[in-house]
Structures are given as C-alpha cells and as structure tokens.
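Could you put together the complete structure from these sequences and hints?
Chains as they are written, first to last, in this note's numbering: chain F, 1 to 553; chain A, 554 to 762.
Do not take every clue at face value.
[To be verified] From chain A, some residues computed to sit far from chain F (all C-beta separations above 10 angstroms):
{"id": "1", "residue": "E632"}
{"id": "2", "residue": "L660"}
{"id": "3", "residue": "F681"}
{"id": "4", "residue": "E711"}
{"id": "5", "residue": "K719"}
{"id": "6", "residue": "K756"}
[As the list claims (entries may be wrong)] Simulated DEER-style distance windows between Cβ atoms:
{"id": "7", "chain 1": "A", "residue 1": "K556", "chain 2": "F", "residue 2": "P517", "range": "23 to 33 angstroms"}
{"id": "8", "chain 1": "F", "residue 1": "V187", "chain 2": "A", "residue 2": "L761", "range": "50 to 60 angstroms"}
{"id": "9", "chain 1": "A", "residue 1": "R721", "chain 2": "F", "residue 2": "F540", "range": "53 to 63 angstroms"}
[To be verified] Derived coverage of chain F by chain A (criterion: at least 3 residues anywhere in the stretch with Cβ under 8 angstroms from a Cβ of chain A; other residues may be distant):
{"id": "10", "segment": "41-51"}
{"id": "11", "segment": "113-121"}
{"id": "12", "segment": "237-243"}
{"id": "13", "segment": "277-285"}
{"id": "14", "segment": "290-301"}
Please keep in mind that the hints were generated in silico from the structure rather than gathered at the bench.
Just so we're clear, the structure is a prediction, and the values are computed from it rather than from any experiment.
Even for Gly, the Cβ is constructed at its ideal location relative to N, Cα and C.
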Amino acid sequence: MSSTLAGWLQAVALVGALALCYRPLGDHIAKLLTSASHLRVERGLYKVVGVDADADQRWPVYLRSVLAFSAVSVLFLYGLIRLQNHLLLGLGVPEMPAHQAWNTAISFTTNTNWQSYSGEAAMGHLVQMAGLAVQNFVSAAVGIAVVATLIRGFTRNRTDRVGNFWVDLTRIVLRLLLPLSIVFALVLVASGTIQNFHGFHELTTLAGDPQSIPGGPVASQEVIKELGTNGGGFYNANSAHPFENPNGFTNLLEIFLLLLIPFALPRAFGKMVGDHRQGYAIVAVMGLFWVASAALITFFEAQHAGTAAQAAGAAMEGKEQRFGIAASSLFAASTTLTSTGAVNSFHDSYSPFGGGLTIFNMMLGEIAPGGTGSGLYGMLILAIVAVFVAGLMVGRTPEYLGKKLGGREMKFASLYILTTPTIVLVGTGIAMGLPGERAGMLNSGAHGFSEVLYAFTSAANNNGSAFGGITVNTDWYDTALGLAMVFGRFLPMVFVLALAGALARQQPVPATPGTLPTHKPLFVGLLSGVILIVVGLTYFPALALGPIAEGLH
Amino acid sequence: MSKPLPNAVRNHLTALRMLLVMTVILGLAYPLLVTGLSQVAFAGKANGSVVTSDGKEVGSSLIGQNFNLPKKNPDDAEETALPDPKWFQPRFSAGGYDPNASGASNLGPNSEDLTKTVTERRAAIAEFNGVAPASVPADAVTASGSGLDPDISVAYAEQQVNRVAKERKLPADQVAKLVEQHTTGRTLGFLGNEHVNVVELNKALSELK
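Pasting the structure below:
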C-alpha cells in the first residue's frame with residue numbers, strides 16, 4: 001500500500017470512529033449535565049466535601065468556586081513539586097527551582113501543560129500521578145463545567161442560577177473522564193505503553209554500553225493527557241517517546257482520544273438547547289477547519305520545503321520512523337487545533353508552512369474543535385459574533401437561540417475575543433524587545449521569531465506544545481509564560497460566565513421570519529468567515545514576520 | 554457559639570476538600586488500579602518490553618540503542634564514538650540514545666547547521682555502506698523526534714546488509730532474510746509506517762550460530 005493511501009485511510013478511520021461516538025457520547029454528556037439525580041458515590045463525596053448538591057449557584061458564585069478550586073490546585077501542586085524529594089517515589093530527582101515549579105503548577109492547572117522541565121529528569125512518579133495527572137482530569141472537567149453554564153444561559157429563562165460547580169466537576173470526572181480513562185489506559189498497556197512503579201532499570205546493551213530504561217505509571221497518565229486535551233508528556237519527548245506511544249495503532253488511538261470529547265460536545269449542546277441541528281452546524285464548522293488544516297499540513301510536510309529537509313530527501317527530522325509523515329502531520333494538526341499540545345513529532349523542524357499552520361491553528365483560539373469545554377465556549381462566542389455581524393447587515397437586534405444579543409452580551413463576547421491576542425502579541429513584543437530573551441532562541445531570523453511567537457501563542461491559548469527551540473527554563477520565560485497561561489485561561493472564563501448569567505436572566509424571544517437560522521449551511525459559512533477574518537486581521541502582521549517570511553524566503 | 558467563617562474562607566476550604574478527595578480517587582486509586590490490572594494481564598509490556606539474549610537483559614525492544622565501537626578514551630566527552638560496522642546502525646539521536654534525555658534536535662527546516670549536518674551524514678553513510686549517496690534514505694540522515702527511535706526504514710536496513718554480512722563473514726542472503734523477518738508492516742495494514750526494529754534485528758544477528 002502506498003503511504004499516501006495509508007495516510008488517507010488513517011484519516012478516514014479516525015473520522016469514522018469520531019462520527020460513531022458523536023451521538024452516544026454527546027447524549028451522555030448532556031444527560032450528566034442536566035440530570036437531577038445523584039449517584040450514591042456522588043452523594044457520599046458531596047457529604048465529605050460539604051456541598052449542598054441541590055443548590056444552584058449564581059454566576060459570580062460559580063466563578064468564585066472555579067477560581068478557588070484552581071487557586072488551591074496551583075498551591076497544592078507547587079508544594080508537591082517542591083517537596084517531592086522528601087516524599088515516596090521521588091526517584092532522587094534534583095529539586096526544582098521555584099520559578100519553574102510555579103510555571104509547572106500553573107501550566108497543569110490551566111489545562112495548558114506547557115513544560116519547561118524534562119519529565120524523566122525532573123519528576124518523580126508521585127508528582128506525576130498524584131499531582132500532574134490529577135490536574136489533567138480536573139482542569140479538563142473545569143472547561144466542560146464552564147461551557148455547561150453558557151449552554152444553560154441559553155436554555156434557562158428569567159433565573160440568576162447557572163448550575164453548581166462542585167456537582168458539574170464531580171459528575172464530569174466520575175461519569176465521563178474516569179471510566180473512559182480506565183478502559184483506554186488498559187488498551188494502551190496491551191499495546192505496549194508501560195505502566196509500573198519502577199525507577200530506572202540498569203542493563204548492558206548488545207554493543208556493551210550501559211543503558212538505563214525508565215519506568216513509571218505512564219499509560220494511566222497518557223490516556224487522560226489526550227482525553228482531557230492536556231498534553232503534558234510523562235517524558236520529555238512526549239508522544240514521540242516509544243514508551244508513551246509505541247506503534248501506529250496507539251498513535252491513531254491517541255489522536256482519537258484527544259479529539260473525542262471536543263467533537264462530541266456540540267451534540268451535547270444541541271441536545272441541551274433542544275435542537276440537534278444547532279449542534280450539527282457547530283460541529284460542521286469545527287470539522288471544516290480540522291479537515292482543511294490536517295490536509296494542508298500533510299501536504300506541506302510531504303513537499304518538505306526547506307534546505308535541510310531537501311538535503312535529507314524527506315521531512316523526517318524530528319519525526320519517528322514508525323509513524324512517518326502522514327501520521328505525524330495528522331497528530332500535529334489535531335493537537336494544535338484542540339488545546340492539547342502533546343506532540344508525536346517536533347514542530348520546530350516542520351517545513352515553514354507546515355510549522356506555520358500549527359501556529360495558525362492555535363491562533364484560531366483553540367475552537368476547531370478546541371480543548372474540552374473551552375473549544376465549544378470559544379466557538380459559541382464566535383457564533384454570537386457571527387449572529388451579531390449578520391444582525392448589523394440587516395439593521396435589527398440579533399438573537400441567538402431565542403436570546404437577544406444586546407450591548408451587555410456583546411461587550412462580554414468582545415472582551416473574550418480581545419483577551420488572548422492581547423496576551424500573545426504583547427508578550428511576544430516584550431520578549432523580542434529584551435536582548436537576553438531574544439538570545440534564548442536556538443534558530444536565528446524569521447524562524448527564531450516564530451519560536452517566540454509560538455511559545456506565547458501556545459501559553460495564552462492553553463495549548464502547551466512548544467516549537468522547542470527557545471530556552472524557556474529561565475526566570476523571565478517561566479514567569480512571563482506563567483502569567484500568559486493564567487490570564488489566557490481565567491479571563492475568558494470570567495467573560496463566559498458573565499455572559500451565561502446575562503443570557504439566563506433574559507425572557508426568550510420567539511423566532512420571527514427575520515430571525516437568522518443558525519443551523520443552515522449559510523450560517524456555517526458565515527461563522528467560518530468570521531473566524532478567519534477575526535483571526536486573520538489580528539495575527540497577520542505577526543505571522544508575516546515569522547512563518548510567512550520564512551516560507552517565501 | 555463561634556462566629557461562622559467568612560464566605561471566601563469557606564469557599565476555599567470546600568475547594569481544598571474537593572481537591573483532596575479528587576487526589577485520592579484520581580491520583581492514587583486510579584493509577585494503582587490500572588497498574589495492578591496491567592501487571593496481572595500484560596506484565597511484559599507494562600514493564601517496558603525488555604528483551605533478553607542468552608538469559609541476559611540487553612535492552613527494550615521499544616527503546617533504541619547505540620551500536621558503536623568502544624571509544625579510544627572512554628572518559629573523553631569530546632570524542633565521538635564511531636559506528637561499529639558489525640551491527641545494523643540506528644537513526645541519529647539528539648540525545649545519543651540516552652533514555653534520560655529524550656527529545657529532538659529542534660533545528661528548523663532552513664537551518665544552515667542542520668543542512669550541513671545532513672549533507673555530511675549522507676556522504677559518511679554512503680561510504681560506510683558502500684552505496685551511492687543519493688540512495689541513502691531520509692530516516693538515515695535525520696534525527697528522530699524521541700531520540701530513542703528503535704526503528705529504521707526498510708530501505709536503510711537493506712543498504713546495510715552487505716556491510717554487516719561482510720564484517721560477520723555471513724552469506725548476504727542470510728542477513729537479508731533476517732531483515733525481512735524483522736520488517737514490521739503498518740499496523741492493520743494502514744496505521745503508521747513500515748519499519749525495521751534495529752534492537753530486535755541486531756539481537757537476532759548476535760544469536761546466529
């Protein structure tokens with residue numbers, strides 16, 4: 001079989017598997033977000049934690065719960081990392097400096113999983129499983145909880161209650177993430193991913209050299225790293241590492257897992273608003289961008305532009321032989337379009353336009369399909385903007401799903417859209433203006449600029465993948481990127497929750513002949529256009545200085 | 554009766570209790586359960602697919618290794634070890650196949666350093682294996698993503714057959730057959746890429762009588 005055909009078949013198999021899961025998984029998520037009954041184990045948990053599970057919260061209270069949970073998580077994780085040498089399974093790794101521990105704690109709490117450390121050299125097993133992996137679960141659940149409030153904003157009327165954060169969090173973890181993780185972790189182990197509590201295993205190689213084989217509870221963390229769109233590798237090489245991703249099957253499974261929940265959430269949205277066609281419209285836009293991006297990156301990697309890639313004869317630098325070009329490109333497109341950031345090949349060595357597209361994917365704001373929860377709320381905000389733009393064209397107050405989009409609603413939507421680009425562009429600008437930070441780039445010229453731009457885009461969009469070339473374990477980058485992750489995660493959440501509150505308060509307006517149908521191909525086109533214009537106008541100058549300049553060179 | 558705690562404090566205590574409960578379930582019970590089941594059902598794989606030769610552990614079939622000649626001065630960090638012609642050679646590794654330092658070169662597609670390195674590798678490999686420089690495949694002259702890639706392309710393995718056979722005084726047919734036996738196609742026929750596992754292949758080579 002030719003590698004082109006095999007590449008196509010992989011993509012088709014992936015789409016087929018996702019399509020099969022769309023309805024059952026989406027319906028399951030909708031049910032757990034709306035059901036009035038609690039499981040017995042959940043009741044016990046609420047009792048221990050001290051939560052009144054039947055009392056819904058107003059949006060500021062919901063927001064305070066999200067922020068309190070995240071703040072406590074950062075502090076707990078920071079403490080665990082700093083104290084790991086004194087705890088079980090510390091493996092004798094050196095103490096992590098304060099700025100790096102801070103950056104790492106923020107990174108995992110914000111679902112970013114930016115890593116300025118190297119997993120095998122800096123982390124003991126206890127921190128990996130009881131610190132990092134726990135945040136992989138709960139940070140994913142926080143994203144889904146926040147989008148649940150936005151959907152409730154559309155479905156609830158004349159109320160100031162948007163849901164109960166503690167109940168949402170518990171149900172998402174226990175009814176969705178944990179069962180899937182147990183099943184797929186075992187599938188990964190059966191396929192070769194390791195799962196043990198060993199330290200380094202010393203042996204002598206065939207040629208007589210000493211080699212130490214690492215151990216660790218890898219599969220249990222690998223699965224939630226993808227499923228929760230987190231992306232922080234157990235090892236430095238992330239999903240390129242043979243112990244995380246041993247073969248072609250596990251590779252496709254990992255891509256499937258990182259796309260699974262983000263692509264099923266539009267179904268949950270459609271079900272909750274009582275019109276499945278609304279979900280289909282949203283998933284169509286997500287799918288459109290994903291297909292286009294995956295096809296383009298594969299095309300550019302197969303072309304292998306660039307002097308080094310031309311000299312080699314194929315763009316295999318930074319890619320694994322068992323995956324090859326097609327499976328690496330598919331992973332790259334999927335990981336940067338969701339907010340995952342796991343990598344099975346290294347984007348810094350991608351061809352100029354291939355690597356440029358991975359940056360562009362993140363600049364879209366992680367919406368196609370985006371991170372767990374954060375992807376859908378990002379897309380719904382853009383849908384609101386699209387409806388508003390259409391309303392301006394005909395000169396009437398627009399409405400979406402029966403809710404009027406007035407000044408207050410549009411203010412929150414606009415603030416949401418402005419937040420991330422501001423963080424990315426200001427951060428990149430400052431880094432380029434400081435001689436010391438500029439010197440941290442491995443490559444020079446336009447490619448070096450792309451490295452810095454990639455870092456801030458990745459942090460502010462909570463992606464977490466890296467172009468890799470810059471030295472980021474410095475006081476300045478750890479602090480600056482840490483701040484970018486915090487603001488890039490929580491400011492948008494503030495605006496989403498405020499918007500949810502504003503929408504839930506409204507009395508619904510009946511649809512009239514003048515209402516823009518938001519389930520038709522026309523709306524899919526309009527929304528896609530709005531996304532491209534908003535992102536294009538915001539980032540074009542920065543892209544022109546980096547990947548575009550390099551690609552046209 | 555004592556004064557009730559302020560709301561903000563109560564909120565953070567709830568958050569802390571929730572985090573602790575989640576840590577027990579997700580951070581301890583879950584990985585212990587998965588490890589327990591894995592060790593019962595898939596012990597070999599869960600423990601790193603370790604391969605043995607003559608009863609001795611010689612590596613993991615998933616983690617690549619160096620097959621170099623001993624250095625003239627083992628303590629000299631500057632000296633680069635030369636490839637041993639008796640073995641099939643793996644891909645280049647940014648971390649020298651040290652599992653403590655997985656990772657890639659991160660050099661860009663237009664990097665002058667990388668272009669120069671690739672060109673030099675092509676010439677060296679062509680000479681080493683006695684083949685035309687243009688025929689050396691891409692995986693042979695590039696560094697992998699993990700730095701631990703255990704695999705090479707079929708084309709690169711085939712180019713090494715004559716050299717290995719000559720060094721080991723074996724018939725080339727026999728070595729070529731060994732390569733064929735260690736060629737893994739795409740999983741299920743279409744997943745991933747065709748490859749030859751160098752660790753497994755060299756192990757089989759060393760066990761030939």
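Hints, verified against the model:
Non-interface status of E632/A relative to chain F is upheld: no Cβ of that chain comes within 10 angstroms, the nearest being about 14 angstroms off. With a least beta-carbon separation of about 6 angstroms from chain F, L660/A fails to lie farther than 10 angstroms from that chain, contradicting its non-interface assignment. The Cβ of F681/A sits about 16 angstroms from the closest Cβ of chain F, beyond the 10 angstroms cut-off, so the non-interface label holds. Once the 10 angstroms rule is applied to beta carbons, E711/A is consistent with being away from chain F; the minimum gap is 14 angstroms.
For K719/A, the non-interface assignment is confirmed: its Cβ lies about 18 angstroms from the closest Cβ of chain F, beyond the 10 angstroms cut-off. Consistency note on K756/A: stated as away from chain F, yet its beta-carbon is not over 10 angstroms from all of that chain's, at 6 angstroms minimum. Between K556/A and P517/F the C-beta distance comes to about 56 angstroms, which lies outside the given range of 23 to 33 angstroms. Here the CB-CB span from V187/F to L761/A is close to 36 angstroms, at odds with the stated 50 to 60 angstroms.
Take R721/A and F540/F: their Cβ atoms lie about 59 angstroms apart, and the range 53 to 63 angstroms holds. With 5 residues carrying a beta carbon less than 8 angstroms from a beta carbon of chain A, the segment 41-51 of chain F meets the three-residue requirement, and the given coverage holds. For the segment 113-121 of chain F, the proposed coverage by chain A is satisfied: 3 residues have a C-beta within less than 8 angstroms of a C-beta in that chain, meeting the threshold of three. Coverage of the segment 237-243 of chain F by chain A holds. Counting CB-CB distances below 8 angstroms, 5 residues qualify, and the rule asks for three or more.
Remark: the segment 277-285 of chain F is not confirmed as covered by chain A, as 0 of its residues place a Cβ nearer than 8 angstroms to a Cβ of that chain, below the required three. Here's how the segment 290-301 of chain F fares: 0 of its residues keep a CB closer than 8 angstroms to some CB of chain A, so the rule of at least three is not met and the hint is violated.
Of the hints listed earlier, those the structure fails to meet are numbers 2, 6, 7, 8, 13 and 14, in rising order.
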